[in-house]
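Chemist: Could you slot chain B onto chain A? The hints should help.
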Amino acid sequence: MRYVDEFRDPQLAGRLIEHIQAVARRPVRLMEFCGSHTHAIFRFGLRQAMGPNVIMRAGPGCPVCVTSSADLDRALALAGMPNVIITTFGDMMRVPGRRGTLQEARARGSDVRVVYSPMDALRLALENPRSHVIFLGVGFETTAPAVAATMYQAHARGVPNFSVFSVHKLTPPATRAVLDAGEVALDGILGPGHVSAIIGSNAWRFLPEEYGIPCAVAGFEPLDILQGIAALVESVVEGRPGVFNAYGRGVQPEGNPTALAMLERVFQVADAEWRGFGIIPASGLKIRPAFADYDAERRFPVQVERAGEPPGCRCGEVLRGVLEPYDCPLFRRVCTPQHPVGPCMVSAEGACSAYYLYGGEPA
Amino acid sequence: MSQVILMAHGSGGQMSHTLIREVFLRYFDGEALAELGDAGLVEDGSFRAGRLAITTDSYVVKPLFFPGGDVGKLAVCGTVNDLAVAGARPLYLTAGFILEEGLPMETLERVVRSMAETARQAGVQIAAGDTKVVERGAADGLFINTAGVGALLTPEPLSPRRLRAGDILLINGPVGDHGLAIMLQREGLTFQSGLTSDCAPLNGLIAALLAELPGEVRCMRDPTRGGLATTLNEWAGVGVGIEIDEEAVPVRPAARAACEILGLDPLYIANEGKVLIAVAPASAERALAILRSHPLGREAVIIGRVTEEHPGRVVLRTAYGARRVLDMLAGDPLPRIC
Numbered sequence: 001m002r003y004v005d006e007f008r009d010p011q012l013a014g015r016l017i018e019h020i021q022a023v024a025r026r027p028v029r030l031m032e033f034c035g036s037h038t039h040a041i042f043r044f045g046l047r048q049a050m051g052p053n054v055i056m057r058a059g060p061g062c063p064v065c066v067t068s069s070a071d072l073d074r075a076l077a078l079a080g081m082p083n084v085i086i087t088t089f090g091d092m093m094r095v096p097g098r099r100g101t102l103q104e105a106r107a108r109g110s111d112v113r114v115v116y117s118p119m120d121a122l123r124l125a126l127e128n129p130r131s132h133v134i135f136l137g138v139g140f141e142t143t144a145p146a147v148a149a150t151m152y153q154a155h156a157r158g159v160p161n162f163s164v165f166s167v168h169k170l171t172p173p174a175t176r177a178v179l180d181a182g183e184v185a186l187d188g189i190l191g192p193g194h195v196s197a198i199i200g201s202n203a204w205r206f207l208p209e210e211y212g213i214p215c216a217v218a219g220f221e222p223l224d225i226l227q228g229i230a231a232l233v234e235s236v237v238e239g240r241p242g243v244f245n246a247y248g249r250g251v252q253p254e255g256n257p258t259a260l261a262m263l264e265r266v267f268q269v270a271d272a273e274w275r276g277f278g279i280i281p282a283s284g285l286k287i288r289p290a291f292a293d294y295d296a297e298r299r300f301p302v303q304v305e306r307a308g309e310p311p312g313c314r315c316g317e318v319l320r321g322v323l324e325p326y327d328c329p330l331f332r333r334v335c336t337p338q339h340p341v342g343p344c345m346v347s348a349e350g351a352c353s354a355y356y357l358y359g360g361e362p363a
Numbered sequence: 364m365s366q367v368i369l370m371a372h373g374s375g376g377q378m379s380h381t382l383i384r385e386v387f388l389r390y391f392d393g394e395a396l397a398e399l400g401d402a403g404l405v406e407d408g409s410f411r412a413g414r415l416a417i418t419t420d421s422y423v424v425k426p427l428f429f430p431g432g433d434v435g436k437l438a439v440c441g442t443v444n445d446l447a448v449a450g451a452r453p454l455y456l457t458a459g460f461i462l463e464e465g466l467p468m469e470t471l472e473r474v475v476r477s478m479a480e481t482a483r484q485a486g487v488q489i490a491a492g493d494t495k496v497v498e499r500g501a502a503d504g505l506f507i508n509t510a511g512v513g514a515l516l517t518p519e520p521l522s523p524r525r526l527r528a529g530d531i532l533l534i535n536g537p538v539g540d541h542g543l544a545i546m547l548q549r550e551g552l553t554f555q556s557g558l559t560s561d562c563a564p565l566n567g568l569i570a571a572l573l574a575e576l577p578g579e580v581r582c583m584r585d586p587t588r589g590g591l592a593t594t595l596n597e598w599a600g601v602g603v604g605i606e607i608d609e610e611a612v613p614v615r616p617a618a619r620a621a622c623e624i625l626g627l628d629p630l631y632i633a634n635e636g637k638v639l640i641a642v643a644p645a646s647a648e649r650a651l652a653i654l655r656s657h658p659l660g661r662e663a664v665i666i667g668r669v670t671e672e673h674p675g676r677v678v679l680r681t682a683y684g685a686r687r688v689l690d691m692l693a694g695d696p697l698p699r700i701c
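Quick mapping for you: the protein sequence lines, in order, are chains A and B. Numbered continuously in my numbering, the first sequence closes out at residue 363. Numbered continuously in my numbering, the second sequence closes out at residue 701.
Just so you know, these hints were derived from the structure itself, not from any lab. Any given hint might turn out to be false.
Stated by the list, open to error - 20 Å max Cα-Cα, derived EDC-like pairs, lysine to aspartate or glutamate:
| hint | chain 1 | residue 1 | chain 2 | residue 2 |
| --- | --- | --- | --- | --- |
| 1 | B | Lys425 | A | Asp111 |
| 2 | B | Lys425 | B | Glu464 |
| 3 | B | Lys425 | A | Asp120 |
Claimed, not checked - Anything over 10 Å on all C-beta distances counts as not near chain A; from chain B, calculated:
| hint | residue |
| --- | --- |
| 4 | Gln377 |
| 5 | Met378 |
| 6 | Ser477 |
| 7 | Gly567 |
| 8 | Ile653 |
| 9 | Arg668 |
Beta carbons are placed, not taken as given, at the ideal position from N, Cα and C, and that holds for glycine.
Isolated chain A, as found in the complex (with noise of 0.2 Å):
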């Protein structure tokens, strides 16, 4: 498959591999702030073949990880109106809040849908006037520009039974929050590729700047993240710490101009809650007053208490990385795919879950 094959080349990646090893003299610390990365490094076995001086730790970048438990019962409650319709990309199914999850709420009768892109909930509010469809806004600056050009639309239209409920999040704060905690000692950061497609790579500059350590911006597939890890070692090793964009085939420095003003006109930047770090200020993406009629929070406010983690998970600090999955005294006795207790099991990016399918000792 074009686009694909070529970047799984195992002679390739042989080559970089042995690389990494001879540049890696001493121990590197490195984390990957994508859920992905972490899944493909898993799957393909890049931590086994890197060997012991590239120490790499999982990071917050799953949206529906962070996403918090009141923002999840906010979602739940939604789902429990009359006459509406929640739609949702599907990872958000099977995460468990305090009120069970969407699944269940779809079994005890709330109409909830998968759909694969915001567009589709719009088309679904069209043919629905009746109902009222509500989209969670679930991701980063990936997925946000998608939103707000449904939204964008839906205004241009006048659609009038369509709205979202926003809690987009904004990767480079949360990056800034695990800095600044100095929970876990880091010399390096594998930033995310499809974010930066949308910000650029010059928005990790304030990585070398003010925290004196190199970003690599990396693919997804096993030559980018182990040319983006070769990039990082090579610069921990020499001492010279900058952005490097090992993802050139998807990213720019300034990055993609129009997904940037769609967003700007859409969202605003406000202080929101992430499920391990608390609020981090300036992180989330919250609707402008001019969209007011598309934004569900103000259409339909719901109070829900305060609620706390489920007992025993650690899915915060897990995401902080300052505990791997396997430090967790639930992974995998209490917490598995079945039944996940906390979040970073259920997602297709949460570091959980691939540390649980892909990080079994086979013997």
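Modeler: Chain B alone, transformed into the frame defined by chain A:
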């Protein structure tokens, strides 16, 4: 277990297994059922035709018509294949219809015509039937249940318990086409893939194999819901280790592309015209040749083997030489966010 039935209880993965164990097997007993094969094997001293295989399945697919098939073709193929992989020659089917008030007659006729054609192609007779009509909203268009009876072709019943270290695993072609073709047709998904369901009756292919290698085939399974990964895990569940060469598992480029976009793994996607076969090591090449000489087995390949190591687990060998565990499907395959 959940207090209500969830969609994932029907996915064929772990949750389906829990449901079967904790509800059905708690109340239904009997040797034929406890085996949990695709078909139960029964015999009766007063009956002289040898051992019989019995199976039943219900078909609630949405949409009713999809690229490469429809619910009627599926209802015949699914039951025929369940008998065939149990090592039986399918003989008779029953067909039960649950029709929703308001279903266009033309739709019903199209489905029934397709069932008749597929039954003819598979060489089985539809010998009994039933029809019920329910109020609008009580069913989604049309549900079909088929049950089937077949005569056992093998000297002894096929079962994963016959698996031995060294046995070779084969599959008759690429995986994932059926589940993806349906998923892409279903509401919401609007991109073109050209994928068609692999839905086909496999009894001819399997009979050809059993005719030449009667004692050498250890067991077979059609990896439907839950996909190849779930079937492999069911086999490993009897206490053997299974090793799969990831690169060897055939997946069409269009199926791979669709999986990449949706964040799905083709090993967990349903098939309706595929059979996983375990044969004794000495017969592997012969089995491959027999499969490849049949139209439904042209793309057959060897994908792995049964091992003494890691009993109870399926291990995938990746292109990078790494080994990782291939687990059973946890719930419904759900497309991801980013």
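Chemist: Does each hint hold? Answer for all of them.
Modeler: The hints, checked one at a time:
Proposed proximity of B/Lys425 and A/Asp111 is supported: the alpha carbons are some 17 Å apart, at most 20 Å. For the proposed pair B/Lys425 and B/Glu464, the alpha carbon gap of about 17 Å is at most 20 Å, so the pair holds. A threshold of 20 Å between alpha carbons decides the hint, and for B/Lys425 with A/Asp120 the separation of about 18 Å falls inside it, so the pair holds. Against the 10 Å criterion, B/Gln377 falls within the reach of chain A, whose nearest CB is about 5 Å from its own CB.
The beta carbon of B/Met378 is not kept farther than 10 Å from every beta carbon of chain A, the shortest such distance being approximately 7 Å. A cut-off of 10 Å between C-beta atoms confirms that B/Ser477 is not in contact with chain A; the least separation is 29 Å. With a minimum CB-CB distance of about 32 Å to chain A, B/Gly567 clears the 10 Å threshold, and the non-interface call stands. For B/Ile653, the requirement that its beta carbon stay farther than 10 Å from each beta carbon of chain A is met, with the minimum near 30 Å.
Listed as a non-interface residue, B/Arg668 keeps its Cβ farther than 10 Å from every Cβ of chain A; the least gap is roughly 15 Å.
Hint check: violations occur at hints 4 and 5; the rest are consistent with the structure.
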